[in-house]
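Following the hints, put chain A in place on chain D, whose structure we already have.
There are 2 protein chains.
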Amino acid sequence: MSNVHDIYPDGRITLREVGLRDGLQLVKTFPSTAAKRRWIEREYDAGVRHFEVGSFLPQKTFPQFADVREIVATVAALPGAHGIALVLNERGANEALGSGVAEIASVVSATEEHSQANANRSREQAIANVRRMCDLRDASAHRPVVSVAISMALGCSITGAVDPKEVIRLSEKCFEAGADIVAVADTVGYSGPKAVGELTEAVVKIAGRKPVCVHLHDTRGMGIANASAALDAGARILDGSLGGLGGCPFAPGATGNVVFEDLVFLCESKGFATGIDIEKLVGVRAILRDEMPHEALYGGLARAGLPGKSIKVAAAAE
Amino acid sequence: MSNVHDIYPDGRITLREVGLRDGLQLVKTFPSTAAKRRWIEREYDAGVRHFEVGSFLPQKTFPQFADVREIVATVAALPGAHGIALVLNERGANEALGSGVAEIASVVSATEEHSQANANRSREQAIANVRRMCDLRDASAHRPVVSVAISMALGCSITGAVDPKEVIRLSEKCFEAGADIVAVADTVGYSGPKAVGELTEAVVKIAGRKPVCVHLHDTRGMGIANASAALDAGARILDGSLGGLGGCPFAPGATGNVVFEDLVFLCESKGFATGIDIEKLVGVRAILRDEMPHEALYGGLARAGLPGKSIKVAAAAE
Numbered sequence: 006m007s008n009v010h011d012i013y014p015d016g017r018i019t020l021r022e023v024g025l026r027d028g029l030q031l032v033k034t035f036p037s038t039a040a041k042r043r044w045i046e047r048e049y050d051a052g053v054r055h056f057e058v059g060s061f062l063p064q065k066t067f068p069q070f071a072d073v074r075e076i077v078a079t080v081a082a083l084p085g086a087h088g089i090a091l092v093l094n095e096r097g098a099n100e101a102l103g104s105g106v107a108e109i110a111s112v113v114s115a116t117e118e119h120s121q122a123n124a125n126r127s128r129e130q131a132i133a134n135v136r137r138m139c140d141l142r143d144a145s146a147h148r149p150v151v152s153v154a155i156s157m158a159l160g161c162s163i164t165g166a167v168d169p170k171e172v173i174r175l176s177e178k179c180f181e182a183g184a185d186i187v188a189v190a191d192t193v194g195y196s197g198p199k200a201v202g203e204l205t206e207a208v209v210k211i212a213g214r215k216p217v218c219v220h221l222h223d224t225r226g227m228g229i230a231n232a233s234a235a236l237d238a239g240a241r242i243l244d245g246s247l248g249g250l251g252g253c254p255f256a257p258g259a260t261g262n263v264v265f266e267d268l269v270f271l272c273e274s275k276g277f278a279t280g281i282d283i284e285k286l287v288g289v290r291a292i293l294r295d296e297m298p299h300e301a302l303y304g305g306l307a308r309a310g311l312p313g314k315s316i317k318v319a320a321a322a323e
Numbered sequence: 006m007s008n009v010h011d012i013y014p015d016g017r018i019t020l021r022e023v024g025l026r027d028g029l030q031l032v033k034t035f036p037s038t039a040a041k042r043r044w045i046e047r048e049y050d051a052g053v054r055h056f057e058v059g060s061f062l063p064q065k066t067f068p069q070f071a072d073v074r075e076i077v078a079t080v081a082a083l084p085g086a087h088g089i090a091l092v093l094n095e096r097g098a099n100e101a102l103g104s105g106v107a108e109i110a111s112v113v114s115a116t117e118e119h120s121q122a123n124a125n126r127s128r129e130q131a132i133a134n135v136r137r138m139c140d141l142r143d144a145s146a147h148r149p150v151v152s153v154a155i156s157m158a159l160g161c162s163i164t165g166a167v168d169p170k171e172v173i174r175l176s177e178k179c180f181e182a183g184a185d186i187v188a189v190a191d192t193v194g195y196s197g198p199k200a201v202g203e204l205t206e207a208v209v210k211i212a213g214r215k216p217v218c219v220h221l222h223d224t225r226g227m228g229i230a231n232a233s234a235a236l237d238a239g240a241r242i243l244d245g246s247l248g249g250l251g252g253c254p255f256a257p258g259a260t261g262n263v264v265f266e267d268l269v270f271l272c273e274s275k276g277f278a279t280g281i282d283i284e285k286l287v288g289v290r291a292i293l294r295d296e297m298p299h300e301a302l303y304g305g306l307a308r309a310g311l312p313g314k315s316i317k318v319a320a321a322a323e
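Quick note, the sequences are listed as chains D and A, same order. 6 is the number of the first residue of the first sequence in the working numbering; add one for each residue after it. 6 is the number of the first residue of the second sequence in the working numbering; add one for each residue after it.
Keep in mind that the hints were calculated from the coordinates and are not lab data. Owing to the predicted nature of the structure, the values given are computational and were not obtained by experimental measurement. Just so you know, even glycine gets a beta-carbon here, dropped at the ideal spot from N, CA and C. Treat the hints with care, as some may be off.
[As the list claims (entries may be wrong)] 30 Å max Cα-Cα, derived DSS-like pairs, lysine-lysine:
1. D:215 to A:33
2. D:275 to A:170
3. D:215 to A:170
4. D:275 to D:285
5. D:285 to D:33
6. A:210 to A:199
7. D:285 to A:275
8. D:199 to A:199
9. D:275 to A:275
10. D:199 to D:210
11. D:210 to A:285
12. A:199 to D:210
13. A:65 to A:33
14. A:33 to A:210
15. A:199 to D:275
16. D:199 to A:285
17. D:199 to A:33
18. A:275 to D:170
19. A:210 to D:275
20. D:199 to A:215
21. D:199 to A:65
22. A:215 to D:275
23. D:170 to D:199
24. D:210 to D:170
[Unchecked claim] Partial list, computed: chain A residues near chain D (C-beta under 7 Å):
25. 160
26. 165
27. 229
28. 270
29. 306
30. 308
31. 313
Isolated chain D, as found in the complex (with noise of 0.2 Å):
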């Protein structure tokens, strides 16, 4: 019987590791089940606990997330480890509920024009689905927590610049349906940080005691910032992927979320206790590597290290 305040303490920040899923979501070749577990356990250990760990969207499409029902399996047999999984419709919200997982997360478009693309539904036919997987958690045994994404909330692929108040409105629809969370995502990496630190603030207004997400993508190298922004505008929960695995399918040759490691980073310079070891964080980038090779990785602690280590280094090499 979890609740989201369990899962999401209040009082502190909690970074999110999706690159399981969103960083997986494009990718042409995919890490094994082994290595997906391996990528898990090695960044449980590092001291994440938030896992996006799949989606339970049709296999034949998307044959990285067959194996979904194994990963979510993987996540709970890690005391204090929270696994997350994608659905976008009833019979998802069914198989993910029957699998188990802590989290279930779906999405209502920003703009009706992207709702129709994407998904072939109306906003208002989105979120009578967030009410019907709302309804199937209250009558569920494990009642795992509802998460919903506002996806182009900063920004639509089809339409361009997006009114904040749609979102203001579609969150509030959402949180009337029964949701946990909402996430505000800026799915294309189309804004700056004073777009993001006002959504965020207002998101956070109407939100009231329900803890808000804010999912960035560093497709133009606003990431980071965006995502101090959010922090300073009060989001209590932040999502990131392993070396920015991911890109995004309007903008070839773009960075997928924001790397994760350099979010631990900027949360624990800001103040925030992360409770992730930035080390052993970057050390399972080598199990991306290996699996991945043809993916670029990014992140800037990847590369120069931790001020303190790499300056003692440098100094003991002059």
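Chain A only, in chain D's frame:
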């Protein structure tokens, strides 16, 4: 008879291209004089007006700046453009004055240890040097701007953490010595946005009407986030280099200055007009690729394009 407020107008942000000096500080192959000229002229065409052009350091050690006088002249020939040259001592200052460069930049280390190791002099002696440069300025015909960077202001490659009080004290001394501008420099990309914002705010406070520059490196991926914090704290001048050209002697593999084109996007996204055309600016990277094919270039805008543009292309392809 130049005045700092003519060159750095009040009430607006100035972005400076420092790739031609800081970006070339550590490279082994460097652009020809003709290529440097094309670099400057094409960035000028994109709207850039402030260029760090080179240094008056010993040519034997820094052959990449042997053509500094010609580059000073290149910038001076462009209406409204402003050249900046680095000098470390009186000999250099006299040579810089002789070149007619619009701004002479010097350095004071934030820590005594770095001052001795880097320049073989105390911080007191470095400030006496600033005073002497200001005297030379006052006695000169064209009265260049004198700026001073407090290097290692946010963390030192030798001693680690730096007390902000020391940086504030040294900044005061530099202004008292007659400096027109103080630049707070995170030379080794040590810090995050909280520390950058707090230090910038403190230095802006003591600067009064004089402009404060914040000079950032992207060593650990915090560059744009730190720039955002510096802008929020009242910095009026920010440095960057095209493609993030440059490295860090204390962090092998680390990137150099903040990526100039991403910095422009950041400023515009925050509502600060820069007068710079990002797409034209991105186009200038071709010169760097041709002249220095082994140097890594970074940046989100160059990968993904402007949101509107890349999205239009993607939408058309769907």
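| query | Hints broken by the structure, by number, lowest first? | reply | Result: hints 1, 3, 7, 11, 14, 17, 21 break, sorted rising.
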